[in-house]
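Q: Each chain sits in its own coordinate frame; assemble them with the hints.
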Amino acid sequence: MPRTRVLLLTLLAATVALVGARVTQAADPLKECRLSCKQAKGACIGQVKHHLQALLGECVGGSSERRQCRRQARGTARAERTACGDFVRECHTCCAARGSDCAVRCGDGVVTPARGEQCDPPGSACENGAICDAECHCVTRPGACTGACPIHTVFLILMENHDWSSIKNSPSAPYINNTLLAIASHATQYYNPPGLHRAYPTTSGSKPVRTLGFLTTRSQARITRAARPISSRCSTRRACPGAPTRKGRAASSAR
Amino acid sequence: MSWRAYQEGTGGIVCPLIDQGDYVVHHDPFVYFDDVTQRNNPRAPRCLQHVRPYSELEADLINDTVARYNFVTPNVCDDMHDACDPVNDPVKQGDAWLSRELPKLLGSPSFANNGAIFITWDEAETGDGPIGMIVLSPKAKGGGYQNTIHYTHSTTLRTVEEIFGVTPLLGDAANATDLSDLFVSFP
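Chains as they are written, first to last, in our numbering: chain F, 1 to 255; chain D, 1001 to 1187.
Quick caveat, the hints were computed from the structure, so don't treat them as lab data.
Some hints here could point you the wrong way.
In silico EDC-like links for lysine to aspartate or glutamate, alpha-carbon gap of 20 angstroms or less [to be verified]: (1) F:K168 with D:D1089; (2) D:K1141 with D:E1162; (3) F:K168 with D:E1125; (4) F:K41 with F:D86; (5) D:K1092 with D:E1125; (6) D:K1104 with D:D1064; (7) D:K1104 with D:E1058; (8) F:K31 with F:D101; (9) F:K49 with D:E1056; (10) F:K38 with F:D86; (11) F:K49 with F:D86; (12) F:K38 with F:D108; (13) F:K168 with D:D1128; (14) F:K31 with F:D120; (15) F:K31 with F:E90; (16) F:K38 with F:D101; (17) F:K49 with D:D1019; (18) D:K1092 with F:D163.
This is chain D alone, in the form it adopts within the complex (with noise of 0.2 angstroms):
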């Protein structure tokens, strides 16, 4: 199956191991695997073919060759995580980037042809929660629906693995509750 990580600040030419400008290695997962990385070469294939920068992204989705698993990583000053400036207000930074870069997505075809955009937060500021998670689909209920469900990221892998036929489902997902009940129809 297709997958690739778009990360903003990176420059695509060498597989992003260390910190660059706003980009933090440690908001991107799949450096963290072997497998992509070759156990960190820079050069690796794996690597560069699909952790990709950001800015590539608009392009991939008006030409409708994005992946079927895509991972969006905005930098430290549009996911939330520092304030920067002018604006010094961390959520008020991400909202102005989401105004911006979801419409993209959601008036892409990849979208309209059974798309699912699920955006989520890492973590709480001290606790475990309530984080947000957020559904954008043609399939899902929309119009403001909500729910009392409990969930986890457990729940989110497990969503995505049942999108995908993946199994077994792994660690906690299989423990988990799947997002079902925010979509008229599922998967």
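Chain F extracted, bound-state conformation (with noise of 0.2 angstroms):
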């Protein structure tokens, strides 16, 4: 009986150190994963810290509109912020759940096809002669070529708030004037919709997407709500002479 006891301790002795290293080699992933949790979040916060210099950076004019630049500036720090901590939160998250490459990043130099990643960083080369884009896709651009090609990317600019009269032969516009206009082709006769003025007072910059045609007046009525009032920056952050008032600018918030 002595002998049998002694090779049942042993072998639950055995069972019980496998299993301890089993348990042992599990945790390590999940240590490592939330470590990387931990890297990708000071990597966030140090976009963090840089974004909020070059905000602060923007902040002139008197003390008091300094100081309500800053406030505002740390303000938007502060938010950023909350997020890499929500990042970090879904991180460790998708660690518990035993997820793969749960910090990962596109721009982190390294190719993770489980996150749908076909190379790393943007703007490499890829096998296929594409060059890696923003999403970390090899996105194949059609090659050079004459005659009726297509036009294959737009970029729209959207300036404010001005008729064609004051921009054209404006002293305060050469570069427009001297340079644009004589290299490129342009429309005298471009309307914004007719009314626009009238028609929606109450909604800020959203009637571009309103006048496209895009939206139902459900929606229209959430970003109505949406819409905060626009920070008065002329009144506090720079001197405007030339600009609406706060008041006015209330009164006149579709522009």
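A: Following this line, the structure appears as structure tokens:
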């Protein structure tokens, strides 16, 4: 009997040791995963600091204007830090669920097919000769062509609130008049949709969206609710003698 | 089809749902779409993927990684909206911004390879216009060509839909004249 008991105890000890080893092995990937989350959060916080410095650098004017601007910048940074915290929580949840590559981000230099990446970092050359795009996909670009090749890439630049008569031949617009128009095509009879000022007095800048015909009345109402009052930059941050006052801006919020 | 909105003054870490600095949210149409923001979620992946800081455009141009459709919104000092120190002349500020930024676009492979740049204004000062529409492209007639055809923003929507082969023509785009007259060949 004692020999049997010793044998049983030995087997039990061996089983416990094996199970313990398995548990130890299983804990390591979790620890590594959480560590990668921590590192990704560090990179995120670094981005926030960089952005905050850039925003603070834009704070000019009188002392009260600078204070207001800095407060606004710090508020933005707080929101961004919160977002970094959200990211790390999502990363930890992913780790706990034994997900793979929880802290992967396009741009880290490692191609992660499990996350749909075909290349990394953006801008690098793909094996098929394409260039890695911003989403870490190898998008094949068309070869150079002449004649009737279709337009491939569109850039739409949206300026604000001026008649063409205020731009054309204006001494304030030498680049447009002397450089751009000389190499461009332009229209002289291009209009905003009729009655724009009268029709959309409460929806602020959403009017381009509305006038392009995308929105329903319900979504327009949601936009109106979502739209926050415009911060009164001119009355607080900058000296803007020619710009509308805070009161005037509120009255003409459609602009 | 790939698309991106480059918004000057945003940081790129959160979906820009509120004003920050000289960025005003109501100049950024894309964050008004629920399928982009997941109903105003600042961490919405689709928003973070597509609505990017304007400061990223230069690298994307150099690396030739811009999307096929790129919507560019300068901040309120650079888009002629506000008078800002030290210039205090919205038109001059916008013109100076274009003089700094357009050469980057015009010198990019994306532009050289059948790209097209449309510069327009959201609305007139008081009435309905005319407002500006300037087209730059290797495929445009260029050289100072101008016409007197009646256009509206529906024209631009139709033009972009035709370039990318998107149907049906949305809203008033179905009734509008496209901008093909400004090009040698279109689309």
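Q: Please list, smallest to largest, the hint numbers that this structure does not respect.
A: 14
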